Amino acid sequence: MKLNSNIPEGPIEQKWSRRKFELKLVNPANKKKFHILVVGTGLAGASAAASLAELGYNVSVFCYQDSPRRAHSIAAQGGINAAKNYQNDGDSVWRLFYDTVKGGDFRAREANVYRLAELSVNIIDQCVAQGVPFARDYGGYLANRSFGGAQVSRTFYARGQTGQQLLLGAYGALNRQIDRGKVRCYPRHEMLDLVVVDGRAKGIVARDLVSGRIRTFAGHAVVLATGGYGNVYYLSTNAMGSNCTAAWRSYKRGACFGNPCFTQIHPTCIPVSGHYQSKLTLMSESLRNDGRVWVPLKKGDTRPPHQIPEEERDYFLERKYPSFGNLVPRDVAARSIKEVCDEGRGVGHTGLAVYLDFAQAIQEQGREAIEQKYGNLFEMYEKITATDPYKEPMQIYPAVHYTMGGLWVDYNLMTTVEGLFALGECNFSDHGANRLGASALMQGLADGYFIIPYTIGGYLAQLGMKPVEENHPAFEDAKKSVEKQLEKLLSIRGEKPVDEIHRQLGKIMWDQVGMARSKEGLEKAIEEIQKLREEFWHNVRLPGQKDQLNLELEKAGRVADFLELGELIAIDALHREESCGGHFRVEHQTEEGEAKRNDEKFAYVAAWEYQGKDKKPKLHKEKLEFEYVELAQRSYK
Amino acid sequence: MKFTLKIWRQAGPQDLGKLETHSIDGISPHMSFLEMLDVLNERLIREGKEPVAFESDCREGICGACGLFINGRAHGPEEGITTCQLHMRSFKDGDVIYIEPWRAKAFPVIKDLIVDRSAFDRIMRSGGYISVNTGSAPEANSTPVPKEVAEEAFDAATCIGCGACVATCKNASAMLFVAAKVSHLALLPQGKVERKQRVARMLQTMDTEGFGACTNTGACEAECPKKISISHIARLNREHILSSLT
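Chains as they are written, first to last, in this note's numbering: chain A, 1 to 637; chain B, 1 to 246.
The shape of chain A in the complex, shown without the other chains (with noise of 0.2 angstroms):
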């Protein structure tokens, strides 16, 4: 197999509308003649579902939810890019090009990321007509704010419920496509295999999660908009259904894992009270716009925050990077706050937290102000920590957020698997090894708005008017496979709940796989991760049967699938001797502890192909060519 990412030829900012330009047309007639299965219904899949079902195709919908409308995307907070230069502020198509690369810490593909810069302004249009809320200022026109990594606002807001605005919008223009008849939804089905028929995507095999029914779907393509996979980390800002089933099983089925081990550690959420923990919340990276980072000078200072004086905090993120302060992107904030607390300088009961602040801007900008920024995010921390963040500064500490890494896509996000796409963050494509704030919106959006609709009609067209082939015996074979994984894991009827297994991945991917990483951690989790698969295959324990609804098998399929995903990601971490983003190697790092880049032996997209069972996966290396943006050390100081 040879990767082949597929970019088109030409300067980059003619190369979307060239790529347009060359892909065939199915005619408008001939579009209902198309089935298009759909997994997935968060921003990417409910976005990509509506328009393909408006172009005329039939769409197929699927999601584990009870409804559309409760796709992880709804927990989105902050907002969302565009290049829509409102605020007259300097942004440009370029500029966001330029900062969603070097944001990444230039491990995205140049071409792809130039193109969302394109489409982001398109976005705002498209969800401003669907009525989707955005904060506006007093004239009535749309207000922005800052994010991390940029020096301009270019960040578009509802509150702090931006990604649940915008995931309405799409769920609207689905719901208008299921009342028109061009698309079935089914809600509460979860994928767990993929059909392929002479090496192209045919179908899926799903799990009626109410009747327990396993039953095959056909199709001529079939788009993934299945989410990321920061839940192997047990306790991340994910939804606690969020898994990466569909996904794994599609790359055992022929798709490549692109940089499994690109992991973005989100710096601001909310500390970890107990054991008992089912998962973290994030505090939006918004409130860095307003909030000051610091801990004690000193280490060991108890002293509750208002009676520490100034001269003894060190705000030290504003001390480290003078042009972008509490802004910089999320890595490098993660990394600093890991840092002051290793000095035992952290704060709160565990030492494992610092303070984000707000006394200043409440008492430069009123409290009034603040409430109306920020209102819904300090009312969700008082909720859960019961104190008061306007009286006492929040406490923080970085927590699993995002995943770049994900099935690889070519230009046309099409995965190695013919016939199989996948959009948002299921993909790999546009965020490198560290994304931005409000990028994951944009992309989500530009890829099942604009992308897809284009780039599926080309494969469908060359693919040609065939009905689809349900009876072909690659679909029994997969359903029988299924069947039987789902009767093994019932009749082990061994020891450990799902919850305690998974919780033990999380400890040995957090530890070893997490924030810093090294040979020698990444080797013993490997092992660990070994051990703790062969035991869950032996000794895990399920109540129930596979013909009724049973959500310890829901979570046990998807547990063991995360048990090998986390050997994937320690392997990936582990041939990739340098630090980028998100991916830090203690061995490789500047004087001043930043993450030290190796473009000469590492500038490229690991691509990890299946080899089988217990086997080790082969690697294959798209290069990455930076022709418009210079390969630089990332300086954020």
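Hints are computed from structural coordinates only; laboratory data are not their basis. In this text the structure is predicted, and so the values were computed from the model without any measurement. We treat Cβ as the ideally placed atom computed from N, Cα and C, and that holds for glycine. One thing to keep in mind: the hints can contain errors.
Taking beta-carbon pairs under 7 angstroms as the criterion, some of the chain A residues facing chain B (in silico) [stated by the list, open to error]:
no., residue
1, Ser67
2, Ile124
3, Arg136
4, Gly140
5, Leu142
6, Asn175
7, Gly241
8, Pro497
With a Cα cut of at most 20 angstroms, we get these calculated EDC-like pairs of lysine to aspartate or glutamate [said to hold, decoys possible]:
no., chain 1, residue 1, chain 2, residue 2
9, A, Lys613, A, Glu528
10, A, Lys555, B, Glu50
11, A, Lys182, B, Asp121
12, A, Lys596, A, Glu339
13, A, Lys31, A, Glu469
14, A, Lys496, B, Glu47
Go by the hints and put chain B onto chain A.
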């Protein structure tokens, strides 16, 4: 902390349910309510018993998946939160806690504490959107929207579709849910084009799905985790009257 839990158990939609009693100990006041149920479930699994089926996903109060009737109140004793945002510090040590599913004809029980809320999706499909195809949108700043109008639309748009309003209403009416969407879209210039059909169709679906009528008791507003005001129901009624005028 220590609690006695009285939990609704029901094997399926056709089965009779009953309250089952469990006692639980060693609970931290900082635990969330759902984490307390996680602890109980892990114990039940270890004992070889069937865990309690309940729903949750984001566990930060925005996806709308969780929803339990706790001691006779939707989402429990605190105001303006979902079940997943409720913490055990809101209870007294030794309390008896009754945990039940949403109860409404339009929300049949699937299992234990899980109900089927797909009726909400069907209401939304009957016009709870603005008909604009991808690609046909005009430049975003071409239509200014007064800030206070955008803010009011936003307040309505924060509905998470959890169903607490229905569960708490003595008529099991979905008026607040429908009103939130109708009001959000009717306030914005983009949504005015279809306002008449929208309100008529959404209300019709609400009726055929088996939700009750609104008698203005205001319980929905009191229990809404997003504090959506019943003034939106007033706007819904105005929109409804408008839609019948030609």
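The hints, checked one at a time:
no.: 1; hint: Ser67; verdict: holds (5 angstroms)
no.: 2; hint: Ile124; verdict: holds (5 angstroms)
no.: 3; hint: Arg136; verdict: holds (5 angstroms)
no.: 4; hint: Gly140; verdict: holds (3 angstroms)
no.: 5; hint: Leu142; verdict: holds (6 angstroms)
no.: 6; hint: Asn175; verdict: holds (5 angstroms)
no.: 7; hint: Gly241; verdict: holds (5 angstroms)
no.: 8; hint: Pro497; verdict: holds (5 angstroms)
no.: 9; hint: A/Lys613 - A/Glu528; verdict: holds (17 angstroms)
no.: 10; hint: A/Lys555 - B/Glu50; verdict: holds (15 angstroms)
no.: 11; hint: A/Lys182 - B/Asp121; verdict: holds (16 angstroms)
no.: 12; hint: A/Lys596 - A/Glu339; verdict: holds (16 angstroms)
no.: 13; hint: A/Lys31 - A/Glu469; verdict: holds (18 angstroms)
no.: 14; hint: A/Lys496 - B/Glu47; verdict: holds (11 angstroms)
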